[in-house]
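There are 2 protein chains.
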Amino acid sequence: MAKLKEMGERRLVDIIKGMIGSDVLIGPGDDAAVIDLGDQCLVVSTDLVSFRRHMPEGMTLSDFGWMSVAVNLSDLASMGAEPIGFLSAMAMPEDMEVEDLQEVVAGMQECASANGAPIIGGDTKNGEGLVAGIALGVLKREEILSRKGAEVGDLVAVTGHLGEAAAGFYSIQKGLDLPSARMTLFRPRPRLREGRDLARSGAVSACMDLSDGLSASVAQVSEASGVGMQILWESLPAGPHVSRLIEEGVPEEELMLNFGGEYELLFTIRKELLGHVHALDVDFTIIGRVVDGHENVLIRDSSIFSLGDQGYEHFRR
Amino acid sequence: MAKLKEMGERRLVDIIKGMIGSDVLIGPGDDAAVIDLGDQCLVVSTDLVSFRRHMPEGMTLSDFGWMSVAVNLSDLASMGAEPIGFLSAMAMPEDMEVEDLQEVVAGMQECASANGAPIIGGDTKNGEGLVAGIALGVLKREEILSRKGAEVGDLVAVTGHLGEAAAGFYSIQKGLDLPSARMTLFRPRPRLREGRDLARSGAVSACMDLSDGLSASVAQVSEASGVGMQILWESLPAGPHVSRLIEEGVPEEELMLNFGGEYELLFTIRKELLGHVHALDVDFTIIGRVVDGHENVLIRDSSIFSLGDQGYEHFRR
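Heads up: the sequence lines are chains A and B, in that order.
Under the numbering used here, the letters of the first sequence match residues 1 to 317, in that order.
Under the numbering used here, the letters of the second sequence match residues 1 to 317, in that order.
Be aware that a few hints might be false.
Distance ranges between label pairs, derived from CB positions [claimed, not checked]:
hint : chain 1 : residue 1 : chain 2 : residue 2 : range
1    : A       : R53       : B       : I286      : 50 to 58 Å
2    : B       : G58       : A       : E94       : 45 to 53 Å
3    : A       : M183      : B       : G153      : 54 to 62 Å
Derived from the structure by calculation, the hints contain no laboratory data.
Virtual Cβ for every residue (Gly too), placed ideally from N, Cα, C.
For reference, chain A alone in the conformation it holds in the complex (with noise of 0.2 Å):
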């Protein structure tokens, strides 16, 4: 039998949500998990960063603390909930100075008191320094956001800038000072307001953020949708940083598809409902269309390549 390591973490999700007979609305997989209440539903996400695994270069303590809530936050945003808490279940090193988890304590506080999400529990033990954030929220079920939804026809879109995230990490390994791209990269925010607004409009059939990179992300909301998408290169819409690094020699395929961590959302909307998203005060791009079959596209300078869910090593026809 396999090891772990030989194993992609979607095939584990895969394998995890075979063994367990579930029926809540959206289960393992999705961004988040959600329960009906009756009146309201409840959002529950977790998602685990570890010191060893997601704190590159130049990341303080305080960043990281930062980072374990708003990754979580952020998938709340993707599926359009308010949210109502965090926890925290910590395993940090037993020669790890007070000062030093006090640290990352007061980057997570920073993070969900900035987003109204208030720390209402958690754990602490013993272990190799890891953080298992769990966010909660509540939306009408109505308005639930998913991977799920995106049919022939709607509009591609995302929030905000791409590869200003990965414009940051590649500024420290290149020695340039670009502190908004650094901060970009080391305090996301979460784009909870959005996502809200997006859910509550109507005219949004699938939702997911973009940690892992726009080229995944659009191959997870094809492949939960069963359907396809035509991505338009020229339209991308690249972070104020983006070109700086492109000089630097760093592929902007890299930059723009791959290296994600923006927490952007990409989301696709029902063409004849674009005017309610126009109306929302939502800084938004199209970048492409949904299209039949299961195949995700790439068109730039007017050739067509076929786009993998691990971005440029597939960015070829």
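Using the hints, position chain B against chain A.
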């Protein structure tokens, strides 16, 4: 500044609590957090278990999975909540066999389904081998049980038996074959029905589970309620295999007061409403009473001993 290992887990919780200005009903430090949703309250518990710290000799991976769910459901039980779902954030070694992870998940699934708590989501990352479990429950605001609320004159009671999980642990160390004691240790049954019935009876003033042992729970309920307790040694309901382990030389205080792990409930009863509790289908034993002051004492053979929060080391005047 101190390192984490120099602080107790409860000191750490206090430090973190102090950093969080929370307006929730019951914040970090009680068994679970509570959020008022209007017509009902949401209860959320998170507890982290690891291979390294929570897998005694003889425990299988499926027992470990069961345990990761049971410890969290027990926190719901102690507040009187009805479970509505469970999530698990797992950090598992990359050289673990997929089959072994499936065994962990199978154990989770068994405990979750035996207790009416569907597994609704989670996260799986690479790591040292730990599970942060998250249990969700609901109850009416007026039914919430907490560690606070015990009043002078109340009776102190426990569900079920004491010492049986400890008997399981020491039976393995002593090479004895006591399967039912081992099951109490490895597959504890969270007292969900009992907790709910006690909460609804209106007769219970405070409640907590016994995961860390009777003396620890007595200390915590007394401290939270601002009272003392007198516990009568002769009234403690010993599990069926406790005497066998006493014969083997395990100190009876270790078995009955200290070791914990049986996940029974400690609760206090308003004396004039005792009849309400007798009317329930709950197996319980009165073990003492709530008294004025802040000292907890154990009365044995008509002598009075001071009862500390770590049991028998403090089991002397």
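Here is what the structure says about each hint:
1. A/R53 x B/I286: 50 to 58 Å: Given about 51 Å between the Cβ atoms, the range holds.
2. B/G58 x A/E94: 45 to 53 Å: violated (26 Å)
3. A/M183 x B/G153: 54 to 62 Å: Cβ of A/M183 to Cβ of B/G153: about 58 Å, so the range 54 to 62 Å holds.
Comparing the model with each numbered hint stated earlier shows that hint 2 is the single one that does not hold.
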